[in-house]
Every structure is written in structure tokens, then in C-alpha cells.
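Q: Taken in sequence, the protein lines are chains X and G.
Numbering-wise, the numbering used here puts 179 at position 144 of the first sequence, and it's gapless, one number per residue.
Numbering-wise, the numbering used here puts 209 at position 150 of the second sequence, and it's gapless, one number per residue.
The set of hints was computed from the structure by calculation and includes no laboratory data.
Warning: the hint list may mix true and false statements.
[Said to hold, decoys possible] Restricting the straight-line Cα-Cα distance to at most 25 Å, the calculated cross-link-like pairs of lysine-lysine (DSS-like) are:
{"id": "1", "chain 1": "G", "residue 1": "K288", "chain 2": "X", "residue 2": "K152"}
{"id": "2", "chain 1": "G", "residue 1": "K288", "chain 2": "X", "residue 2": "K153"}
{"id": "3", "chain 1": "G", "residue 1": "K223", "chain 2": "X", "residue 2": "K106"}
{"id": "4", "chain 1": "G", "residue 1": "K369", "chain 2": "X", "residue 2": "K118"}
{"id": "5", "chain 1": "G", "residue 1": "K288", "chain 2": "X", "residue 2": "K145"}
{"id": "6", "chain 1": "G", "residue 1": "K351", "chain 2": "X", "residue 2": "K152"}
{"id": "7", "chain 1": "X", "residue 1": "K152", "chain 2": "G", "residue 2": "K89"}
{"id": "8", "chain 1": "X", "residue 1": "K107", "chain 2": "G", "residue 2": "K232"}
{"id": "9", "chain 1": "G", "residue 1": "K223", "chain 2": "X", "residue 2": "K153"}
{"id": "10", "chain 1": "X", "residue 1": "K150", "chain 2": "G", "residue 2": "K288"}
{"id": "11", "chain 1": "G", "residue 1": "K348", "chain 2": "X", "residue 2": "K152"}
{"id": "12", "chain 1": "G", "residue 1": "K285", "chain 2": "X", "residue 2": "K118"}
{"id": "13", "chain 1": "X", "residue 1": "K150", "chain 2": "G", "residue 2": "K223"}
{"id": "14", "chain 1": "X", "residue 1": "K118", "chain 2": "G", "residue 2": "K288"}
[Said to hold, decoys possible] Examples of chain G residues toward chain X, derived with CB under 7 Å:
{"id": "15", "residue": "E66"}
{"id": "16", "residue": "K223"}
{"id": "17", "residue": "I227"}
{"id": "18", "residue": "D231"}
{"id": "19", "residue": "Q233"}
{"id": "20", "residue": "L238"}
{"id": "21", "residue": "S241"}
{"id": "22", "residue": "L287"}
{"id": "23", "residue": "M290"}
On a predicted model such as this, the values are computed, not experimentally measured, just so you know.
Backbone N, C-alpha and C fix where the C-beta goes; we use that ideal spot for every residue, glycine too.
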Amino acid sequence: MKEKIAIKVDDLTVAYNFKPVLWDIDLSVPEGVLMAIVGPNGAGKSTLIKAMLDIIKPIAGSVEIFGKPYKKQYKEVAYVPQKGSVDWDFPTTALDVVMMGTYGSLGWIKRPGRKQKKEALEALEKVGMLEFRSRQISQLSGGQQQRIFLARALVQQASIYIMDEPFQGVDATTEKAIINILKELRKEGKTVVVVHHDLQTVPEYFDWVTFLNVKKIATGSVKDIFNDDNLTKTYGINYKVSVLQ
Amino acid sequence: MTSAQIEIQLIACIVAIACAIPGAFLVLRKMAMISDAISHSILPGIVIGFFLTEDLNSPWLILLAALSGIITVVMVEYIQKTGLVKEDTAIGLVFPALFSIGVILIAKNAGDVHLDVDAVLLGELAFAPFDRLLIGGTDVGPKSLWVIGTILLITLGLLISFFKELKISTFDKQLAATLGFSPVLMHYGLMSIASVTTVGAFDAVGAILVVALMIAPPAMAYLLIKDLKKMLVLACIFGVIAALAGYWMAHWLDASIAGSITTVLGMLFLIIYLFAPNSGLISVLHRQKRQKIEVHLLTFLLHLQNHQEKSERHINHLNEHINWHKVRATSVVDLALKNNMITIDDHIISLTEKGRIFTTEAINYIITNKSAAIEDMKERFFLFRG
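Work out the full structure: start from the sequences and follow the hints.
A: What follows is the structure, encoded as C-alpha cells:
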């Protein structure tokens, strides 16, 4: 079977102040997978997805989204940043934050209208947050804030969803709700890339995995490569899959 | 009112609105101090511009001064990016250096220029009506009114056109970048507007007041309102109120207009800081006090529920056993009585049916964090809100 490649990372090296944090990464993410990026703290997981999204400029290498550079494909990609990356005291409502997801398709100057509002309300309903639409965002719990971010990505109607630790600091109900939506996205043929911390849930949640620790350790289907050997190589201590499961 | 008085008030109001708009975004971006830096470091631009054009209201002078504002921002960011010092230190390094260049330039040429450091810092709003704009020999009003009016129109035009872009790049820079809006462009756009506004306003109100008008009104609005559009409108209203009240205060005291406006801003902020409905100091203290009493009430009711024996329910026992002061015990018992949750019979306290139901539901609510049954009770008790 010849699969289409959604994201192709070629010889990517990223450095902060000339200190490389990602070294010579080659990575192909096939279309339609639900992929976890795992690795210890400081492995460069967030940096990798930021480089995929053209937020960080690499010192070498390139990223292609469906065969073209990100700049030409940004409408195909939706990004869910870490919850802590924004100021939740910003004077705005849940609905308004979700509406921001429609700004990309609107382009410069044009203002969101009824159609965008309808899309945003639908996305809020999907993540179970419709009743909180007029709530000021600082009055939402951590889990609710994460759902708002997910809804914002959903309204972008992208083909690729890239998320930075969506399960961090959320309650069990929200975690279940989020993973169900991600699995639904995969069913629709979308590609989902998630920076993930909890190794125990990898086999249950994901079908594709990338092990990362400054260099790429391994990438492939969870069935084939989620094993003691790769875990040990990535985390540097003896890991047993059997213990995790 | 004389026409000069009306003109001064009109200029003050327009300056206030023109400052509040970029100021609101600076406050939300946590960049309030950069306006202080810009307001000082445009001085060399103004002095050089003045040597070249001999006119404080020339568009060239405004552009040149705005350019030195932008240079300040670039220098601050450059120093900060080296990672050697933090942003506030970088600001503290850059603007005094540029400002002092301006001061030296003025001092060296003090003989031939009508420009002094006092005027730069405090402005000369009272003199604004003397400098008229003549078109074909007809007097069309004070020059500074035209200058700041034009700047306000440009600011409003840009705000309306790019409101969505400004909002998203302020709230979530990374999302803005991934959606194809350049946060860098928005950042420098905002900095340019802030610089131009500062230069335009500064002739009228001086470097210190420009900062006050940029930061104080949005900060007040931010305390009162959690909606960006309404916050912008409210900031403009506060600016105008301070401008008018400040003008009349100066008139009454026979003092500096700029100084009076700033004083009014400070007093307004103090009032809002104390009395704002939800975030104000008094409201916060009141809420904390009520929460405390309610937690005590619940502890007390729970104690009654858990103990059937009379000795545990004697009124004096509260003081000893639960270890409360007399005052607190009395206020809690009063609150429970007022709400018909207990009855007192010969110093023995008993839970009423209502009290029993309330206690059970309140505990359930706290454990499960929701229950439709006590929605109406929530209105009366802070305990259940968050």
C-alpha cells in the first residue's frame, strides 16, 4: 500500500543561541494517523512541532506539508498550543476565542460574520462547551480551557491537527472527551500529531508514534515499534512495556 | 467659556482618545513600560526634526520623532534577545541614553531654539490655541488640534480595519503566526502608532502625561470589563473624563493642566481599584469575609449533624470544643438562626429539617461539585461559587 505523506521533515536541525535542540531529524507522517511524539523533558518535542508549523526557523533542513512548504499550506494545518502559552485573563469570551480559528480562512481585514459564528458554535457543541460560550475565559477550568482550544482548532477545518500536550492538567473526563474527538478526526481521514507525556496511554490512544530525544530514535506504528528497546533508547533507563500496560 | 478654553478641552479629549487606543493593547501585551521608553526617547528625534524644519507641528518632525521611537523598541528587543539582561533592564538602558542625547542637543542650541526640557516633560496645553493653522490666510483652528485629530483618524481607521488581527496577535501570537498573520508586522505596526501618537500628543501634554493617558484609562477599563471592544470604549471615556475634569481642576487651582489631568487619572484609578464590583479591593475583602463565615457555618452545621448527644450541642460547647472565639460563634449561630437552619431550646441547638437538607446537599455539592437541587441556594451563598 502506498500512503500519502502528510508531513515530511527533512534533515531538520534547530538551535537556540547556536545550541542545537533538534539534530538532523528525518520524519514522515503518513496521512490519516493519530501520532504521539514522546520523549523526556528537553527532548525538543515542542520545538519539533513549532518547526513543523514554521513558528521557529530551523538552521538547516526543511518541512513539507503535503509536498509544499508550510507558508503555502497553512490553511491545511490547525495548531493547538500549550494551554499556558496564552494569558487567560485576556478580556474575551469562550465563543470569541473559538471564532479566532476562522480568522485564517477569512484572511486580512475581513471580519467574521454569521457563518463563522455558526461554525464556532458547532465546534463548541462538539467539545461539550456550548453552555459556556459567553463565559469569560478566565472563569473556565483548565480542562474547559483545553476544550476551547480544541474547538478553535476544529473550526479551522484543517487536514492536519498538531497539538502540544493537550492532556496536561486536565481532568479525566476532559481527557476522554478530547481523545474521542481525536479518534473521530482520524476516522474522517485527518492526520493528528500530539506531543504526549503519559507513556501508559500511548497504545490505547494512538496508532503511530515517534520517539524523540534531540535526535529521532524511531518512528512507526505503535504495534511495531512501541517496545522496551525504543523506550530504553529514548529515556535512557530500562523501560518495560509490560509494566506500562 | 471662551473659544480658547473650548479648544484646549477639545485637544485634551482628542489626545486622551488617541492615547487610550494603542495604550489598551500595550496594557494587554504587558508592555506598558515601553510607552514610557518611547515618550522619552523621541526627544532626540524631535530636537533634530526641529532644527531641520523649525516647526514643532511639521509632519517631518513627527515622522522623524516616531522613527526614534521605533529605534528604541528595536534596540530594547535587540538587547533583550542577547539574553544578557531582562526586558525591563533593557528598557532602562535604552531610553535614558536616547533622552539624554536630546537634552544635550537642546542645551547646546538653547540660544536659538524655542524648546526647553520643561515644555518637553510637561507640555504646554494652555498655549496650544496660540499656534494657529492658516490655510490661504484663513484661520482654521489650532495646529495641534489638526495634528492630533489626524493621528486619531488614522489610528481609528487602522483599529477598525485590523481589529481582528490585533486581537489575535495580542491574545495568541503563535496562533496568529500559524494562521498567516504576521505577529511581527502587527507588533511594529502597533509600536509605530504608539510612537506617532506620543509625538503628536506630546507637544500638547508632555512626555509624562502621554504615558499616564496611554496606561491609566485602559488599566481602569480592564478592571471593570472583560470584553475587548467595550474595554476600548470605556478606556476612551475614562480618558475624556480625566481630560475635562483635569482641565477644570487646573482652572480652579490655577495650576498646570497636564499635571491636573494626571492627578485626576490617579484618583480615578484609586476609586476603581477600591470599588470595582468584582475585582475591587473592597469587594474582594467582603467576599473573603463572607466565604469565611460560610465555611464556618457549614462546619458548625456538620458538627450538629454528626452529634446527636445533647452535651455536644450545648451553646457554650461551641466556644470550648470547636475552639471558636465568642464573636465568631455568635455570628455563625445568628446566621444559622436567620436562615431557619437551627432552633435553640434551653441552650441546646438542634438542626431543623431545612438545616439538615442544606448540610447534606452542601457536602454533596462540595464533593461532586454540582447539584441542580441547590442552584437557588447558590445565589445566597458564596460557598458554592467556584
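Q: Decide, hint by hint, whether the structure agrees.
A: Okay, the hints, checked on the actual structure:
{"no.": "1", "hint": "K288/G - K152/X", "result": "17 Å, holds"}
{"no.": "2", "hint": "K288/G - K153/X", "result": "21 Å, holds"}
{"no.": "3", "hint": "K223/G - K106/X", "result": "20 Å, holds"}
{"no.": "4", "hint": "K369/G - K118/X", "result": "53 Å, violated"}
{"no.": "5", "hint": "K288/G - K145/X", "result": "17 Å, holds"}
{"no.": "6", "hint": "K351/G - K152/X", "result": "42 Å, violated"}
{"no.": "7", "hint": "K152/X - K89/G", "result": "29 Å, violated"}
{"no.": "8", "hint": "K107/X - K232/G", "result": "19 Å, holds"}
{"no.": "9", "hint": "K223/G - K153/X", "result": "18 Å, holds"}
{"no.": "10", "hint": "K150/X - K288/G", "result": "21 Å, holds"}
{"no.": "11", "hint": "K348/G - K152/X", "result": "41 Å, violated"}
{"no.": "12", "hint": "K285/G - K118/X", "result": "19 Å, holds"}
{"no.": "13", "hint": "K150/X - K223/G", "result": "16 Å, holds"}
{"no.": "14", "hint": "K118/X - K288/G", "result": "24 Å, holds"}
{"no.": "15", "hint": "E66", "result": "35 Å, violated"}
{"no.": "16", "hint": "K223", "result": "6 Å, holds"}
{"no.": "17", "hint": "I227", "result": "5 Å, holds"}
{"no.": "18", "hint": "D231", "result": "5 Å, holds"}
{"no.": "19", "hint": "Q233", "result": "5 Å, holds"}
{"no.": "20", "hint": "L238", "result": "4 Å, holds"}
{"no.": "21", "hint": "S241", "result": "10 Å, violated"}
{"no.": "22", "hint": "L287", "result": "5 Å, holds"}
{"no.": "23", "hint": "M290", "result": "5 Å, holds"}
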